[in-house]
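Each chain, written out:
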Amino acid sequence: MSQSQQRLAQISSQLSSSVSPPQSARDAILSKNPDDIVITLSMRTALTKARGGALSSTSLEDLLVAILKGVKERSKLDPALLEEIVFGNVLEPRANYISRGATLAAGFPDTTATSIASRWCSSGLLATQAVANQIASNCIDIGLAVGVECMSQNPDDGAPKFGPQISNHPVAKDLTMPMGWTSENLSADYGISREIQDEWAAESSQKAEKAQKAGWVDDEIYAITTTFVDPKTKESKTVVANRDDGVRYGTTKEGLGKIRKAFPQWAPSTTTGGNASQITDGAAALLMMRRSTAEKLGQPIIGKYVASTVAGLPPRIMGAGPTIAVPKLLAKVGLSRDDVDIWEINEAFGSVLVHCVKTLGIDREKVNPRGGAIAIGHPLGCTGARQIVTALSELKRTGKKIAVTSMCVGTGMGMAGLIVSEQ
Amino acid sequence: MADALCGPSNPLQNFQKHSGVDRTLQQDRLLSRHGSSQGFRSGPGPSAGLLDPEFEAFQAGQHPASPLQPQIEAHHPFQSRFSSPAQQSHFQQPSALPDWARDFQQLQIAPVRPGSSSFHSPAIQQHVPIQSPATSWHTDFMQNQPQPQQQQHFQQSPMFRPYTNHSWQGQNAIHPQFSSVALGKQRESLVGGVQFDAAAFEAAFDAAQQETLAPESIEDSLAMEIERDADERLEAISAKVQEELTRQLGHDQESHLSNLDMSRAVDFSPDEGAMLQQDSINTMQQDHAFQEQEQQQEPNQKGQDDEELSRTAGELLNSIKDDTSQKFRESVFLSLMRRIRDKEVRVEGENFVEVSDDQLSSPLT
Amino acid sequence: MLEFRTQGYNGYSVKYSPFFDSRIAVATSANFGLVGNGRLYVLGLTANGIVAEKWFDTQDSLLDTAWSESHENQILAASGDGSIKLFDISLDQFPIQQWSEHSKEVFSVHWNLVNKETFLSSSWDGTIKMWNPNMPTSLVTLPTHSCTYSAQFSPHSPTLLSAVSSDSHLRIFDLRTPASASNHLVMSIPIHTPPKMRMGAAPAMGLPPSEALTHDWNKYRDTVIATGGVDRIIRTFDIRASGQGPMAVLPGHEYAVRKVSWSPHLADVLLSASYDMTCRVWTDGSAMGAKAEPGNPMAFGGGREMGRMGVHTEFATGVDWCLFGAEGWCASTGWDERVLIWDVRAMMGP
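Chains as they are written, first to last, in our numbering: chain L, 1 to 423; chain W, 424 to 788; chain U, 789 to 1138.
Just so you know, these hints were derived from the structure itself, not from any lab.
Quick caveat, the model's predicted, so the values are computed rather than measured.
One should not assume that every hint holds.
As the list claims (entries may be wrong) - Quick list of in silico lysine-lysine cross-link-like pairs, DSS-like style, CA-CA up to 27 angstroms: (1) Lys725(W) x Lys892(U); (2) Lys213(L) x Lys253(L); (3) Lys984(U) x Lys296(L); (4) Lys32(L) x Lys984(U); (5) Lys366(L) x Lys253(L); (6) Lys76(L) x Lys32(L); (7) Lys173(L) x Lys261(L); (8) Lys210(L) x Lys366(L); (9) Lys366(L) x Lys32(L).
One chain only, chain L, in its complex shape (with noise of 0.2 angstroms):
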């Protein structure tokens, strides 16, 4: 090798750009650094109906202990090293007590500490926050994020009654109304139409039923066995719970064209029950702990989480909140809306799929793969943790990386948070 030869290689070494540095956020974002707060076991149950589902007998402890001792039989992890569990669940009201009995019952040490997160629909994301903060500031080493909602066992009683200083107060009168006229409120002042709620709303359940048919959810859902006991007969039998039974084959716009509206007292009444998230029981859950303690337990990494963000907005409007929590967390993490390869917007109705895939612009091929909300059901502090173990079940299988999942939230919040799939 000639003199000059070897110095134009030592130039051309130089100039590589196998060592740079991330040129992008994204690049960055998917990098893998042993202080990311990795996902290692990502599960849930099946969802559910409320009325007559397979989980619609099972009290919110039997459901607990259920996806509790899953976790621990498919984890492989050791159930002392597990320090914290937090819940997101929103009607129960004494969560509290029933989550710590539910966390000892499933075999767990006292050790392992529980806690609740409670922010409605986004309590399952809330809680998935929780655990990724208490990690990444040593609170915790390891932790597992539920979420979870028996809507069959809990009633949502709604707004409580609010003394003079909110009922009088311009805005916040507004929350004692029901979720229901925040979604008249979106289509009348967007113009979302019935029809195109509607044409959404069948895509939704066809998506849903193509990812069930295919069996792309498989991965994602913990069956469990349960007791229901029949409403009417009150025989009580042994069921599996083992599929989305909220899913409705064969779904079409037209079909769903002939419900009749929900809510004709509030123009335009565009809202119906077939185009509308359903009611639903079920849990998901997600274990977290920093990468170089996966490494060092070997536990397998799924995913990452990488950030959260909420932002509020009026709630006679709260259907719009992924349209504010979206850009407020892309700008955190320097991400654009190309940079996603997955959206789960939840479909609490069409008025709010419609609205704000519209407004934030994004790509309809890339939200909700495998249905939403409005096809397989919106367990309300569920919802939260079962779009991260969809989007990593949904990541891994298209071979794709990035995921935001988002949701509006009543009383007028929207909360987004961004994953990463490394499967």
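Please arrange chains W and U on chain L, whose structure you already have, making use of the hints.
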């Protein structure tokens, strides 16, 4: 730094602090300088503009990682030591108008229903971001008709009584185990406003009511139901709901129990699966796509050296091939590299020399 | 901005004389240093612009130059043929001394700023050598076993010296320690270590090792060193906390960083020259009130770019600050056969 050791602090909190504490206000200044040309803001509300820059950045498909801030703190020590510099820096400028403005013009979601804005008198907006949460609420509030507002909060209007009752029933339909005491309690709380759950179910129940039954029997059925015990009524309605939904949506009536046990019918095309299973390539491909040259068969070292140099030049060019900047295009060094790679130039002694035609023994590709 | 063309020769290094603020030396090479000779220019800044007071031709490329700290007319040049030459600019043509111990290209020479009696050289042959100009052979040879692009004496301690190499390490040597088995090596810092995670902050990004091409000691904070190299990132280290990773990470350059130089006037400011054809001025974030650049995922420590000069049209390879006169003036050179003299303040934003 972080507020609490173990509190739910945002892991990106510190990051956010690095990104500029005052950024929102700065952006607000920038935005108000551009004017509310987008037309959503009637005026800056108390929280106006708080999330706007992020939304605009988002809509513009911007990567916030680019240095956008031309302003430098006046009290920066470097600045304060020196007199104020004259020239503009080479910083990148903030991006142009976001493209949602263009989308705004193009977007037409649905025909506007003239009668539908009974209590929202502003014109129906397209799908645009909430620029100023407080403000849009403010606008709506000021423009809301008092009467429809009353209707919203309305509880005992005779017009709505059947629905109120219905919704009560609807609500309780999902809690078959409820005692009548609880039901009574339910009734009270629900009278205050139909809740989310009930409403969605209500739709289905209404559908069952109206579509399955013959029109003349609706009233009969309704009357009968009102008279019956709460639980029994609920069973009947919910069964009809199930029936109705399944009938409407065109799939076979299945008992919910058999749903649970049935083995899944997998209707799955292998080809589709294979395509779907294809992994995307993530690893960087080392693409040595320099031009292929016929190997010289010259035995002497010089020819070999030339070859190696030429190949090295090709590798160098390859590693910067994605750079399309003008400077790199016009670089004398890089054009020398191209010529060496292409064997137009080689080393002779202490210099680079042109390869003259009669010395060429392999065609250039 | 003042300009001088080193016609036919591509610039590799530029240094202001420590004695005369109007005198600048430039090490240059023909044919981008790949083949051919070198030339050491001695330039003078006059009322009529920059003039070449003298130049010396050498057999092979010149990759670095360093003025003597003790002799106002003497200057070193480091050559691609492994030799180090000492010139006296009051004489012509030939060096007054030459040393040829290195077996490969000498990438840097640096004079001891404290005792002013010795100087260092570092080479592709994986060694650092210390010399006394009055001795015909080197005093000490410190092996690094890796192509060493830059070596410097600490400006604060006469026996402490540092070097960065192709193996991505910053090495610190203390000549007071017994040579023994470690050859005075007291510290070897892997430059590519990600910064320590701080509570409440997002975990920092890590990078694989890459060649370090340049480094410089801070003129005010005597344990702080800045490094730059092929991964395009400038980092600062405190050698008292060598295991903690960098204190500041300054991404921004689009290609390798070839030269970094701390300001002689401000403790937090440094200049860089890069293959991306720009020279940039940075704050490392350690000054009060410094505002960090938003959004760059690699940035750490609060530092950021404050301005850049993009006039060079080929790789920028050298920068040096003017010690005297108006603060903020500096000189740069590059492969575009130009030496530019400019005011850093004019490159910064409003």
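Each hint, compared with the structure:
1. Proximity of Lys725(W) to Lys892(U) is assessed by CA-CA distance (about 21 angstroms); at most 27 angstroms being required, the pair is judged to hold.
2. A distance of roughly 20 angstroms separates the Cα atoms of Lys213(L) and Lys253(L); the hinted pair therefore holds under the 27 angstroms criterion.
3. At most 27 angstroms may separate the alpha-carbon atoms for a hinted pair to count; Lys984(U) and Lys296(L) meet this at roughly 19 angstroms.
4. Of the pairs offered as hints, the one joining Lys32(L) and Lys984(U) holds, with about 15 angstroms between alpha carbons and a cut-off of 27 angstroms not exceeded.
5. Pair hint Lys366(L) plus Lys253(L) holds up; C-alpha atoms about 20 angstroms apart against a cutoff of 27 angstroms.
6. For a cut-off of 27 angstroms, the pair hint linking Lys76(L) to Lys32(L) stands: about 23 angstroms separates their Cα positions.
7. With a C-alpha separation of about 25 angstroms, the suggested pair Lys173(L) and Lys261(L) falls inside the 27 angstroms cut-off, and the hint holds.
8. Proximity of Lys210(L) to Lys366(L) is assessed by CA-CA distance (about 15 angstroms); at most 27 angstroms being required, the pair is judged to hold.
9. Restraint check: the Cα-Cα separation between Lys366(L) and Lys32(L) comes to about 25 angstroms, which is no more than 27 angstroms; the hinted pair holds.
In summary, the structure agrees with every hint in the numbered list given earlier.
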